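Engineer: Chains A and B, in that order, give the protein sequences. So for the first sequence, this note's numbering puts the first residue at 1; every next one is plus one. So for the second sequence, this note's numbering puts the first residue at 1; every next one is plus one.
Simulated from the structure, these hints should not be mistaken for laboratory data. The model shown is predicted, which means the values in this text are computed figures rather than measured ones. A few of these clues could be false.
[To be verified] Sample of chain A residues at the chain B side, in silico, Cβ under 8 angstroms: (1) 107; (2) 189; (3) 292; (4) 333.
[To be verified] Just a sample of chain B residues kept apart from chain A, beta carbon distances all over 10 angstroms, derived: (5) 82; (6) 198; (7) 217; (8) 236; (9) 276; (10) 289; (11) 426; (12) 612; (13) 619; (14) 647; (15) 763.
Beta carbons are placed, not taken as given, at the ideal position from N, Cα and C, and that holds for glycine.
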Amino acid sequence: MEDLKKKIEEIEINALKEIENVIDFKKLTELKIKYLGKKSELFSISKQIGNFEKEERKEVGEIVNKTSEKLKLQFDLNFKKIKKIELEKKLQNEKVDITLPGEEVEIGKLHPLTQILNKITEIFISLGFLVVKGPEIETDYYNFEALNIPKNHPARDTQDTFYVEENLLLRTQTSPVQIRIMEKTKPPIKIISPGRVYRADSIDATHSPVFNQVEGLLVDEKITMANLKATLEIFIKKLCNKDVKTRFRPHHFPFTEPSAEMDIECFKCGGKGCSLCKNEGFIEILGCGMVHPKVLENCNINPSNFSGFAFGLGLERIAMLFYDIKDLRLFYENNLKFLKQF
Amino acid sequence: MKLSLNWLKDYVEIENLTAEEIASKLTMSGSKVETIAKDGGQIKDIIIGKIISIKKHENADKLLICEVLINENETKRIITSAQNVVEGAFVAVCLNNSVIYDGMVIKDRNFKGIKSQGMMCSLGELGLSKDAFPYAIEDGIFLIEEECKIGQDVKTVLGLKDTILDFEITSNRPDCLSIYGLARETAATFSKNLKEIELFNDDLKKESPIKVNIKTDKCTRYMTVLIENVKIAPSPLKIRNRLRVSGIKPINNVVDLTNYVMLELGVPMHAFDAEKVENLEITIRNAKKDEKINTLDNLEHSLKEEDIIISDSKKPLAIAGVIGAKECSVTNNTKTVILEVACFDGETVRKTSKSLNIKTESALRFEKGLNPKVCEQTIKRACNLILNLNIGEINTKIKDLKNFKEEENLIKIDYSYINNFIGINLKQEEMQKILISLGFKVEKDCVKVPEFRVDIKNIADLAEEVARIYGYDKIPCVLPCTTTKNFGLSNEQQIENLIKNTATSLGLFEIFTFSFVDPSLYEKMGLNEEEILKNSVKIKNPFGKETSLMRRTLLASMLQTLSYNHRNKIKDAALFEISKTYEKDETKKIKEEEKISIGIYGKNASFFKLKGIIECFLKALQINDVEFVKTSKPYLHPFISCEIVKENQTLGFFGEVMPNVCENFKLCKKVYVAELNLLSLIKNSSTEKKFKPISKFPSIERDLSLICDEEQPSFEIVKQIKKTIGNILEKVEIFDVYKGDQLENFKKSISFKITMRKQDATLKDDEVNSKITETLNNLEKLNVFLRK
Numbered sequence: 001m002e003d004l005k006k007k008i009e010e011i012e013i014n015a016l017k018e019i020e021n022v023i024d025f026k027k028l029t030e031l032k033i034k035y036l037g038k039k040s041e042l043f044s045i046s047k048q049i050g051n052f053e054k055e056e057r058k059e060v061g062e063i064v065n066k067t068s069e070k071l072k073l074q075f076d077l078n079f080k081k082i083k084k085i086e087l088e089k090k091l092q093n094e095k096v097d098i099t100l101p102g103e104e105v106e107i108g109k110l111h112p113l114t115q116i117l118n119k120i121t122e123i124f125i126s127l128g129f130l131v132v133k134g135p136e137i138e139t140d141y142y143n144f145e146a147l148n149i150p151k152n153h154p155a156r157d158t159q160d161t162f163y164v165e166e167n168l169l170l171r172t173q174t175s176p177v178q179i180r181i182m183e184k185t186k187p188p189i190k191i192i193s194p195g196r197v198y199r200a201d202s203i204d205a206t207h208s209p210v211f212n213q214v215e216g217l218l219v220d221e222k223i224t225m226a227n228l229k230a231t232l233e234i235f236i237k238k239l240c241n242k243d244v245k246t247r248f249r250p251h252h253f254p255f256t257e258p259s260a261e262m263d264i265e266c267f268k269c270g271g272k273g274c275s276l277c278k279n280e281g282f283i284e285i286l287g288c289g290m291v292h293p294k295v296l297e298n299c300n301i302n303p304s305n306f307s308g309f310a311f312g313l314g315l316e317r318i319a320m321l322f323y324d325i326k327d328l329r330l331f332y333e334n335n336l337k338f339l340k341q342f
Numbered sequence: 001m002k003l004s005l006n007w008l009k010d011y012v013e014i015e016n017l018t019a020e021e022i023a024s025k026l027t028m029s030g031s032k033v034e035t036i037a038k039d040g041g042q043i044k045d046i047i048i049g050k051i052i053s054i055k056k057h058e059n060a061d062k063l064l065i066c067e068v069l070i071n072e073n074e075t076k077r078i079i080t081s082a083q084n085v086v087e088g089a090f091v092a093v094c095l096n097n098s099v100i101y102d103g104m105v106i107k108d109r110n111f112k113g114i115k116s117q118g119m120m121c122s123l124g125e126l127g128l129s130k131d132a133f134p135y136a137i138e139d140g141i142f143l144i145e146e147e148c149k150i151g152q153d154v155k156t157v158l159g160l161k162d163t164i165l166d167f168e169i170t171s172n173r174p175d176c177l178s179i180y181g182l183a184r185e186t187a188a189t190f191s192k193n194l195k196e197i198e199l200f201n202d203d204l205k206k207e208s209p210i211k212v213n214i215k216t217d218k219c220t221r222y223m224t225v226l227i228e229n230v231k232i233a234p235s236p237l238k239i240r241n242r243l244r245v246s247g248i249k250p251i252n253n254v255v256d257l258t259n260y261v262m263l264e265l266g267v268p269m270h271a272f273d274a275e276k277v278e279n280l281e282i283t284i285r286n287a288k289k290d291e292k293i294n295t296l297d298n299l300e301h302s303l304k305e306e307d308i309i310i311s312d313s314k315k316p317l318a319i320a321g322v323i324g325a326k327e328c329s330v331t332n333n334t335k336t337v338i339l340e341v342a343c344f345d346g347e348t349v350r351k352t353s354k355s356l357n358i359k360t361e362s363a364l365r366f367e368k369g370l371n372p373k374v375c376e377q378t379i380k381r382a383c384n385l386i387l388n389l390n391i392g393e394i395n396t397k398i399k400d401l402k403n404f405k406e407e408e409n410l411i412k413i414d415y416s417y418i419n420n421f422i423g424i425n426l427k428q429e430e431m432q433k434i435l436i437s438l439g440f441k442v443e444k445d446c447v448k449v450p451e452f453r454v455d456i457k458n459i460a461d462l463a464e465e466v467a468r469i470y471g472y473d474k475i476p477c478v479l480p481c482t483t484t485k486n487f488g489l490s491n492e493q494q495i496e497n498l499i500k501n502t503a504t505s506l507g508l509f510e511i512f513t514f515s516f517v518d519p520s521l522y523e524k525m526g527l528n529e530e531e532i533l534k535n536s537v538k539i540k541n542p543f544g545k546e547t548s549l550m551r552r553t554l555l556a557s558m559l560q561t562l563s564y565n566h567r568n569k570i571k572d573a574a575l576f577e578i579s580k581t582y583e584k585d586e587t588k589k590i591k592e593e594e595k596i597s598i599g600i601y602g603k604n605a606s607f608f609k610l611k612g613i614i615e616c617f618l619k620a621l622q623i624n625d626v627e628f629v630k631t632s633k634p635y636l637h638p639f640i641s642c643e644i645v646k647e648n649q650t651l652g653f654f655g656e657v658m659p660n661v662c663e664n665f666k667l668c669k670k671v672y673v674a675e676l677n678l679l680s681l682i683k684n685s686s687t688e689k690k691f692k693p694i695s696k697f698p699s700i701e702r703d704l705s706l707i708c709d710e711e712q713p714s715f716e717i718v719k720q721i722k723k724t725i726g727n728i729l730e731k732v733e734i735f736d737v738y739k740g741d742q743l744e745n746f747k748k749s750i751s752f753k754i755t756m757r758k759q760d761a762t763l764k765d766d767e768v769n770s771k772i773t774e775t776l777n778n779l780e781k782l783n784v785f786l787r788k
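With the hints as extra help, turn the sequences into a complete structure.
Structural biologist: Following this line, the structure appears as C-alpha cells:
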C-alpha cells in the first residue's frame, strides 16, 4: 500500500517535471496520452483499485483522482499557454504599416450653397417656420407692383430686370412669394422661401445674373419690431454658432417700413476695421423690416389688425463670408477641386 | 453724397464731436457713412514760401536753383526741374521731413552736387487738381495766388483742413442729398439745434421783366430772378474748396453758386445768360419730335415728345432738370443772368436722363421726386449769396409760377400704435421731440410733414422716424409667440433632400449652374434648334447669347460643366444638379419643372455604373417595377441609352453621350448623363415603411444557364421568371453573360441565380423543381432554352 502511494507520488513528480516546460502542442498531446490516457500507469492503477481492501480502496481512489486532477490542471494550463503563444505569433505575422493611407472611399458633397441653405432652413424650421417655394418667372404685379414698387419707381432701376414679355419677368427677388402666400393664407403666417433670383447684371466677382435668396415673413396680430430683432438675432447667433454682436441700421426698402439692415461684427477683425468690413467693423448680412401697410392691404390683410415682419438674405453673400470665398463665380463654375473642399 | 464737416459746421454745433463719432451715430440713425476722408491727406509741415531768386544749376541744364524765403530772415535753397517758377511767386514748401498728400516724407537731397533743402510742391503733391485752382498748371510747381503770408501753414492758406464723410443715401431720402438735410439729421441725432439758413428778403417793388409760360403739367413750379451787372470771376477759395471736396468742379462764380446752393439745399438750379434768351421769355413745354439741342457737355441730342424742355421763342434753352444748352450758358462775357429754380416731374426727368444717357447731379435729385414748395427757400438762398458774394445786383422781384395745389401733408398720429408697432414704450412728448427735430410740426392729434419729406405718407413712416432717432439698438428683443398649423418641410421637399443625400452618398457632387442656356449649346448637342426654340422661354433683353434663353434641359449645362472639369485636367467626375427647366406649352403658359441631372466620366464611368446609381435612387424612393426601354435622343448613343418607364409614364432617361457630342464639348470619349423628372419621381415614390417579418425557414437556390438570341433583352426573361415562380421567389440575380466560341453564332448565354423561400414553411424540393420546370417551359416560348 505504501509502495503504491509512493509510486503515484513518483508518477506525479515525474509527470509535472516533464510537462512543465512543454509548449509544443503535439508533444504535450503525447504526454497527456502518456500520463492520463488509457495506457497510462495511473489508469492501470485506477483499474486495480478493486483488488484492494474496502478501507484502502477509498484512500487509493482519492489519491489517484487527486493526482490525475492535478495533472489535468497542469495540462490545461500548458495548452492555454500554447494557444496564447500561437495567437501572439499569428498576430505578429499579420502586422501592417498602420501609417499607410486608408482605402479611398469616394462620397459626394452637397454644393456649398446648399450646405449653407440647409443650415439656414434648419434654424427657421426649428423656430416653427414653413418652407415654401414660388415661381421664378413672375408677373410684374407680384415682383413689383404688389410690393409697393409701382412702374417707374426708382427702385426698379437698381434691380435691372430680365423680361420675358411686357408684364412677365424673371423675379428679381424672392419677395413675390410673400404676396402669393398672403393672398391665399389668413394670418398667422410664418414662412421662409429660398430660391433663385435674377438681375440683368454681367458676371464678376460680386455680381451674377443668377443668384439665390432666402425670404422670410411672419404676419400675425401684434407683431412688433422687437419680434423682428429677436428672431433675426437668434437666427444669426445659431448660424454663426456663437454670440456674435449684431446691429440694426435704418435702411429703405419699398415693401417694408420701418426698414433695416442687419450687420454683424466683422469676424475677421472683431470690429476694429479691416479690408473685409471696409473699415466699418461690421458686415452687412441681410435686409429686413416691418411689412409695409400697403403691401398688407394689397393682399387683403387689414393693417390695423395685423402686422408683420419680413427679411431677405443673399445666399451667395453669406456663403462667401462663411467660407472666405472672394469670387462669386466659383459657385457656378463647379470645379471639382472647389466642390470637394466643402 | 459727400459731406464737408466745415460746411456742416455752418448749421450744427459739432466742435466737440469727432468725425468718427458723427459717422457712427449718423449710420445708426439712418444715414450710412461709407468712408471718412481727410482733405489734404497726410500733409504735414508744408509752409508758404516766396521765391526770391532763380538761377541755373551749373551742372545740369534742366535744373533751377531757387532761393525761397520761408520766414522773415531765413531762405532755403531748393532745386527744381519745373520751368514755371518765377521770382516773387508764393509756393508750398516742404522742408526736411515734411510729408506730402500721399504720405511720402521729403528729405534734403543732392542734385548734381548741390543740396536741395526741401521741395516746392505741385498741385498733385498736395492732393489737388486744376479744378479748384484754375489759374495753376498741373505739371509744374503750384504758384499760389491765394492770399497768404510767408511761413503760414499751407493747409490753412488753401483751406485743406476739412474732413469729408461719404454717405450712402437711400432712394427715399432726396432731402439728404444736401448739406442742410444732413445737418438736420445730425442735429436730430445729437439733439442739437439746427441753425437757420440766411435768406434774401424779397421786398422789391419792381416786377420781374422775365415772362414765363408753363405748358406742361410736368413742371409744377417755376421760379426765376434776374441778376444784373454780373461780374464773372472765380469763386472765393472757400466756395471752390467746398465744391471741390463735394466732387464738383468749380467753373465761375455764377455756375458755382448754382451748384453750391444745390449741394446745400438739395434743390437743383440753373443759370442762363439772359442776353441769349429772346425777349426774356421762357416757355416750359414738351419737346417737338426730333428737336435738337446742343448741351453743356458739347453733345447734340435729339429729343422726343415726352421730354420736357425750357425754351424761348426760337430755341431750347435746357432739357428740364437734366442739363442746359451750351448756347445760353454763362460765360466770361455774361452780364445778366436768369436764375431758375423749378420743380419737374421726377419720372419724366428720370426717363429723359436715361434715354439720353446724361447723368447729372440735377437729374439725380429731380428723379427721386421734389416737392415744389422747396423752390422758394432755394431761390432766396441763392439771391442771398449773390448779394453776399457780390456777384451781381437784384433789382426786380422773384417771379413765381405755381402749377400745383398747395396741400398740406397731415398724418393722424397715434402714439400708442407706434409704441405697439415698434415694441417700445416712449412718452408722447419724447416722440414729439423727435418729430419736431426732424422738421415735423405737431398739431393736436396730427403731424404736419415738412415739404422736403416726400417719403412720409402714413403712420408706419412716422413710426420709422421715431424708431430710428430713438435708436434701433434700444428696441428690446422679444421673440414672437406665433405658431402655425403647418411648418417645416413639405413631403416633396423632404423627398428632394432624400435624393440629394442619396446622390452624395453615391459619390456624386452637387453643382449649381445658370438657368439660362446659350443656343449654341443646343447645336453642339445636335438638337433641332428650331424645334427646341419653339417652346423655349426667351429673354427680351438678354446680356448676350448666354442669357438669351431659359433652359429646357439641364444637360447642356451638365455637359458644359463636365467639359470644364475635363479641360481642367480632372480625371474622374460624378456630378448632379437639381434645378428647374422652363418651357411654354401650346397655350403659351409657362411651365417650370424641377429636374435632376447626373453626369459622369472617368475611371469608373460606364452605362451600368450610371444605371446602378439610378437604381439606387429608385430604391431610396421605393419606386418598384420600372422598365428600362430604348429611347432616342440625338445626343445619346442609340444602343446605350434608355428611358425609365413606370406604368407608361417616363420618369427620365440616361445613356452614353454620342462621340460627336463629346467632341463638340471637348470632352473625353466615354461620358454618361441622365435627366430625371423630380416631380414624377416624387409622385411615384413612397415614404411609407412597413416591416416584413424575416422568414425563419431555409431558402433554396437554383442556378440556371439559359441560351437565347443575342438580341434578347434579359429583362424579359427576368420578368417571366418572376411571373412563373410567383410569391416564393425571393431574389433573381444575373451572375454571368457569355458570348463566344462555345455557342452558336448570334446566341448568348445568361446565368441566373434564383433564390426561393417560403414565409411560413420549409420549401420542399418538389415544389421548387416543378416551378423551375414550369419556368423553363414558359421561357421556351420566348426562344430561351436551358444550356446543356
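Engineer: When the hints from earlier in the document are held up against this structure, which numbers fail?
Structural biologist: Those not satisfied: there are none.
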